[in-house]
Amino acid sequence: MSVLEVQHVTGGYTRKPVIKDLSFTIGKGELVGLIGLNGAGKSTTIKHIIGTMLPKEGNIRLNGVTLKEDTDKYRTAFSYIPETPVLYDELTLREHLELTAMAYGMNKATLDARSAILLKEFRMEKRLNWFPSHFSKGMRQKVMIMCAFLVNPSLYIIDEPFVGLDPLGIQSLLDQMDEKKKEGASILMSTHILSTAEKHCDRIILLHEGSVRAQGTMADLRNAFAMPNATLDDLYIAMTKERDHEELA
Amino acid sequence: MKNLRDVWSSRFMHYIGEVQKYMQFTFTGHIAIVLVFLIGAGGYQYSEWLKVVQADFPAEILIAVIVGLLLIFSRPTTLLREPDQVYLLPLESKMSQYFSKALAWTFWSQVWIAAIVYIVSIPLLKAVTDLTTLNIWLIFLLIVVLKYISVQGEFNYRYSERGQLVWVDRLIRAVIFVVAIYLALQTQLLLVIIATVISVIYMVVFRKKSIGEPIPYEHFVKLEQNRMMSFYRFANYFTDVPHLHGSIRRRGWLDWLYKFIPYGKGNAQKYLVFRTFIRTDDHFYLWLRLTAISAIIAVFVDIPVVTWIVAGALSFATTIQLKQALLTSGEFRMDMLYPLPDNARRLAVKQIVRLAMITQAVIVGVCAITQPMFYLTIVIIVGVSELTMKISKP
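So the protein lines, in turn, are chains A and B. Counting in full-length UniProt numbering, the first sequence runs from 1 upward without gaps. Counting in full-length UniProt numbering, the second sequence runs from 1 upward without gaps.
Please note that a few of the clues may not be correct.
[What the hints assert, rightly or not] Below, simulated PhoX-like cross-link-like pairs (lysine-lysine); rule was C-alpha separation at most 25 Å, straight line:
{"hint": "1", "chain 1": "B", "residue 1": "Lys-51", "chain 2": "B", "residue 2": "Lys-126"}
{"hint": "2", "chain 1": "A", "residue 1": "Lys-68", "chain 2": "B", "residue 2": "Lys-265"}
{"hint": "3", "chain 1": "A", "residue 1": "Lys-126", "chain 2": "B", "residue 2": "Lys-390"}
{"hint": "4", "chain 1": "B", "residue 1": "Lys-259", "chain 2": "A", "residue 2": "Lys-108"}
[As the list claims (entries may be wrong)] Computed far set for chain A versus chain B, every beta-carbon distance over 10 Å:
{"hint": "5", "residue": "Gly-39"}
{"hint": "6", "residue": "Gly-51"}
{"hint": "7", "residue": "Asp-72"}
{"hint": "8", "residue": "Glu-98"}
{"hint": "9", "residue": "Ile-117"}
Hints in this document: simulated from the structure, not taken from any laboratory. It should be emphasised that the depicted structure is a prediction, and the values quoted were computed from it without experimental measurement. All C-beta atoms in this analysis are idealised placements derived from N, C-alpha and C, irrespective of residue type, glycine included.
Input sequences plus hints: build the corresponding full structure.
Here it is, written out as structure tokens:
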């Protein structure tokens with residue numbers, strides 16, 4: 001059974017839809033990359049999945065339920081790492097972790113055990129009592145990542161995760177993602193760093209102007225574009241050029 | 001290039017605009033009520049006291065010391081800014097135009113403090129001294145002249161000494177001024193003139209000393225920055241100042257309070273809202289100042305009905321503002337994604353506001369404890385708050 005099912009979703013901010021008839025699924029233990037140009041609809045897609053925007057048409061199921069059918073089950077099923085870190089200026093790092101754990105109904109022992117591992121992994125143990133105003137961009141990103149991994153959900157939704165992280169941070173994140181995958185969690189990751197996506201994603205969804213242009217494994221994509229041996233960068237550029245030609249014609 | 005008088009004028013307009021903007025907020029609403037009460041009560045007490053004051057009351061020395069001390073604080077308002085030390089550098093020799101404007105404003109913006117205090121003391125002088133009306137107004141003139149000397153003197157001193165040891169300068173001026181005013185109140189005309197001449201000489205000494213010195217931009221700019229910051233901080237007790245907006249302070253001494261919200265899923269929003277309230281300056285000071293005003297009224301106004309009305313009005317003001325402040329937030333926050341009931345935030349805000357208002361009620365109640373039926377104050381604050389919470393839009 002799929003963890004995430006996006007079925008014929010159309011939606012956007014105004015009447016003019018940003019995403020049009022979007023459909024894809026993510027299976028258990030899959031790492032799927034959401035790739036597209038600026039303005040292709042990646043962020044809007046993510047906003048629909050996390051439930052801050054509601055689809056005008058179609059529906060989105062997480063672990064078999066829509067947000068309306070069972071809000072609690074839907075919300076507990078995923079955690080989200082936004083592109084720009086969203087932190088509470090008035091909470092310390094420790095309090096961010098504690099608040100997240102409380103909200104997701106975690107007991108204190110689990111919180112302590114999991115946060116100890118994460119703090120060590122991301123080298124933030126000494127900053128437990130710091131406020132976000134003293135954190136660099138990368139550290140803020142790490143706080144978000146730790147909160148997301150603390151929850152241990154079925155689906156991770158990660159928006160542009162590598163920008164601002166130092167190389168060690170990127171490695172830690174990839175390690176964590178790998179580990180969670182092995183435990184059966186799914187990951188939807190949007191990114192511009194195509195080489196990393198190519199290397200780590202099981203499947204790629206190429207989004208262009210609000211629709212799915214192509215999706216599948218790297219092999220599927222190479223077939224679809226008739227470009228054997230192509231890298232994801234090549235395919236990506238080919239896709240955008242192809243569209244430009246169509247528009248000009 | 002525009003001349004330096006224009007530079008001063010445009011800065012001055014901007015400065016006045018800024019001060020006006022915040023003064024409007026500072027002295028409207030609740031603070032105006034309090035001031036009217038305090039001035040009224042103070043005036044009444046003073047006039048009652050004048051009826052019984054003893055003839056041997058040491059009014060002269062008291063007034064001389066108070067007015068003298070008020071006169072010495074003559075920090076120049078130069079409105080200089082950091083870039084000036086670069087951009088105005090070529091105009092160094094023409095800066096006296098600018099400074100004469102600045103010192104004129106400094107004088108007029110400060111002289112009224114000492115003047116008002118002196119005018120308020122005139123009934124006392126009439127009651128306990130033999131000074132004629134003419135004498136009294138001549139002394140008023142002397143105070144104005146001394147203020148002028150003080151403004152010029154402090155500026156010259158700061159200029160020539162780059163602001164070092166300004167308290168020494170102030171101490172010297174304080175002694176001269178207090179003596180001058182005291183002698184004037186004793187109608188020792190000759191000695192007054194001598195004291196005044198000494199203060200003029202003192203002023204001229206530092207003016208001579210400052211000639212040829214480069215303008216101490218760093219010192220003056222720092223003075224300006226400090227002045228504006230303390231003004232903004234003052235205004236922030238009454239209204240939102242964007243320059244200080246949303247500042248967060250840990251307030252570690254209140255950490256023990258958080259124990260009242262134990263770990264648990266049901267408490268997640270309360271955990272967050274409580275910390276937001278305590279640590280955000282805007283929210284915390286809002287509560288603090290309204291509670292303080294209510295408490296001060298409870299202590300100083302002996303008419304229970306007035307205490308009740310003020311306490312009720314301020315309870316309403318605190319509740320509604322706090323509720324709005326804690327509820328509204330247009331931005332995306334992570335707690336919007338938490339698997340919590342939709343009304344969790346609203347419920348948490350309600351409970352935290354209730355806690356804050358019960359605390360206010362207890363504080364004001366204790367301050368009103370000398371009044372009959374002081375417990376009614378507590379009931380009114382809590383009652384009005386609950387009612388406000390119920391009928392205000394969610």
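Non-interface label on Ile-117/A, tested against every C-beta of chain B at 10 Å: At roughly 20 Å from the nearest Cβ of chain B, Ile-117/A sits farther out than 10 Å, so the non-interface label holds.
Reported absence of Glu-98/A from the contact zone with chain B (all CB gaps over 10 Å): At roughly 7 Å from the nearest Cβ of chain B, Glu-98/A sits no farther out than 10 Å, so the non-interface label is violated.
Hinted pair Lys-126/A and Lys-390/B, Cα distance within 25 Å: Given pair Lys-126/A, Lys-390/B is violated - Cα atoms ~45 Å apart, limit 25 Å.
Outside-interface status for Asp-72/A - nearest CB in chain B farther than 10 Å: Violated, because the least Cβ-Cβ distance between Asp-72/A and chain B comes to about 5 Å, which does not exceed 10 Å.
Non-interface claim for Gly-51/A versus chain B (Cβ beyond 10 Å): Per Cβ check, Gly-51/A is inside 10 Å of chain B; nearest 7 Å; violated.
Straight-line alpha-carbon gap Lys-259/B to Lys-108/A, limit 25 Å: holds, 15 Å
Lys-51/B paired with Lys-126/B [C-alpha distance capped at 25 Å]: Holds, at about 12 Å.
Gly-39/A remote from chain B - nearest C-beta pair above 10 Å: It holds; Gly-39/A is separated from chain B by about 19 Å at its closest Cβ, greater than 10 Å.
Holds or violated: Lys-68/A to Lys-265/B, with C-alpha atoms at most 25 Å apart: holds, 21 Å
Checked against the numbered hints above, the structure violates hints 3, 6, 7 and 8; every other hint is satisfied.
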